[in-house]
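Listed in order, the protein sequences are those of chains E and H.
Using the numbering used here, read the first sequence as starting at 1 and increasing by one per residue.
Using the numbering used here, read the second sequence as starting at 1 and increasing by one per residue.
Any given hint might turn out to be false.
The calculated lysine-lysine pairs, modelled on DSS-like cross-linking and capped at a C-alpha distance of 30 Å, are [claimed, not checked]: (1) H:Lys-180 to H:Lys-118; (2) H:Lys-180 to H:Lys-22; (3) E:Lys-55 to H:Lys-180; (4) H:Lys-246 to H:Lys-9; (5) H:Lys-118 to E:Lys-55; (6) H:Lys-22 to H:Lys-9.
Derived from the structure by calculation, the hints contain no laboratory data.
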Amino acid sequence: MKKSSMLDLLVLVVRRDLVLAMRRRADVLTTLIFFVMVVSLFPLGVGPEMGMLRKMAPGVLWVAALLASMLSLGRLFSADYIDGTLEQMMLAPQSLSMLVLGKMVAHWMVSGLPLVLMAPVLGLQFDMSVQALVVLIFGLLLGTPILSMVGAIGAALTLGLRGGGVLLSLLVLPLCIPVLIFGTGAVEAASTAMSVSPHLSLLGALLLLALVFTPWVTAQALRISME
Amino acid sequence: MKLAINWFKYSAPSTFYGLAGKVIPWFAISSAILFAAGLYIGFFVAPTDMQQSEAYRIIFIHVPASILSMFIYLIMAGYAALGLIFNTRLSSMMASALAPTGALFALISLWTGALWGKPMWGAWWVWDARLTSELILLFLYLGYIALHASIDDPRRADRASAVLAIIGSVNVPIIYFSVKWWNTLHQGATIKFTGTSMHVAMQQAMFTVLAACWLYAIAVSLARVRSIILERERNTQWVSELPEAKL
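Isolated chain H (complex conformation) (with noise of 0.2 Å):
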């Protein structure tokens, strides 16, 4: 019961802002030394693919990005449709403020996808169907960005680009199998990792990368949504009694 009013109360943006600059600095922190731990696991501990060479290491943080990139649609659609439904401000401003961390890792994840292709397949871009999707995916990230920020009244560009968000939610598994039934000739292209083929420490680096790219999405989606916070709310009282607006 105490549990459920705590949660209730920091879904006010007053009391959240507080919260989340508390909590930036560890989640910022915690993520750099992930990092920092993974990137050192990646180029110095694990071994040289016999197949791939050097160049299999750019893995490290092209799974993590793409994970991340398909996680965070989720996410945001989650709380856009919160936000619809039940027509919590914050809800609609977490959304807003991870569209642009996911669009980052949509975008990460196909350079290094690129940038792994041209000596693996001996292409920049190939219309396999994952690469396909990724970049769909893209599309709908800044369909999402650009609907809310040519929209001027808040409320509106919030609950457009959630009714944008969730048919984009429905519609990705479609696309999803669409491209993939579309390119069923392209599929052997792929070069597949199992669990069970692939070296201890590789597995380590990238699960470690992808948990500092997962810390790292918390903070500065945290840090993105103080900001709109502050922007909607500034006129309010809270805002005006805040130490860092005083200065």
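With the rest of the complex left out, here is chain E (with noise of 0.2 Å):
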């Protein structure tokens, strides 16, 4: 009973933020084409030569990816934060973790999703071989939602403070270097026909990790940003 009940909470978050982002559009939308513009600029800037850009193009994605999710951070907690109903779901009798797992669900099917779907059109503009897309967008399902709870983090402990986004990216980008070494990583053993699982399997014990601890520390760092 109490299970289902927790379930039941985790669902209904998800589901309100993602009503809430579908009513705002534009704010998903301009995550995703940030991130196509990103990724297109690096042809322009090093030059159209294939052969090098076959071999950047994971950074440049994984990269592009880590910065989209950094835009959309910020908004994370900020608009629950000022019209009082973060106060709200931090006096319900539920649990905080449990709510703040949802609002990170919902954002990475907000800001994440989008970026992985958008990946492979990407990957091709860049001349990736197919087997290397597979696993760059294995690496990115499995290494997005890890950007969006690390990123709950920081956005919890900047929350009201002013210059916010640039102190945020300041705090997070650092913590997020494991998930963009891994998931690069996959791609580069994949194009010189190494074994990818190991780093697929690390992206995954980092995702478990990140999904038991990261809800309650978001929750704690909530409480002591509301005092």
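From the two separate chains plus the hints, produce the assembled complex.
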């Protein structure tokens, strides 16, 4: 009974945030357009030589995904903070960690998933092989939720601060480096015909670790910020 | 039992302020003496290295700075955790007092490493595992300082940056290993010193400078924590009664 009510809560929060996001579609689209633009700038910046682009593609896509997810993190809690919803959520008898997890999932579905779906198209622009693309998608599927979850801690810590956006990137980007390394490492391994499973397994391990710890840490950070 | 009481006595900022003031000169003076001795041994006693000629002498500052930059982060996170868990004011103040010194050592370590790398590797910077993780450590310090500085309420600043410091300390091993696995190809470039292959005078110079850096870090952080205590407790009775506050 209790278990199902926790799950209901999660679904409720995810649905609520998704509905809110759908009502403001421009926010979702700007993140996606930012991602596409950043990726498209690289061939213009370094020149259109295909061999080099193919080599750079995983790194460029991953860094762009990292930056794009930073862009939308500021909004994760701020709207609820401003209109007082967040305070009500903290007063609610349900577990704050669960509510936070719901918000993380919704954030990923709004800002991470579109990037994952968009990545193959951009990968083709960089002349990536099909095999490398498949690995890239798997890596992004495992990695982007970690970015949302680790980012949520930063968003909670910088809630309501002046200059929060830049500060947030300063805090979160160093923490996301392992995700970047394993994500690009997997694609590199695929293109040199080595086993990709160690990289993807490590990404999966990081995802599970993040899934267990980050909701609780974010809840604590929110309590500190809301005092 | 008596010892335990003494420890708690100095966990109050008002008593610690006086104690820190008394011990700072000792740490500072012994640090200066050891710096002079270590640098003397390093520059005049230690022999010239066969492979690296004179340029190797930069390790006498590079290695101590690197060790301390990592160690101070752990101590800082430890103090931050103490402050967060037991709500002790002084622990949080110590954590924020240690951060600039740690960042300074990380910067010195990177800078001297670059100066050494140019003649040795032919490049100022190599994306080697150690270099990259040291750089990320510097970023973590800067993030901690920036977060602390941008929150006006000192209590919230302490607690929020404590959470960040703890996450950072958990993440540092992950970052270190991820970077190491990512760049296994470049590992051969790192020239490793083992205790046995090192000349005795070199060892002496390095450990003397290490001790000097250590004492310097203690002296400077205590001086900084005294300033923080004065700033935070400026409206209290005991601060207004201090001789230096009456001037």
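Starting from the hint list further up, note which numbers the structure goes against and sort them upward. 2
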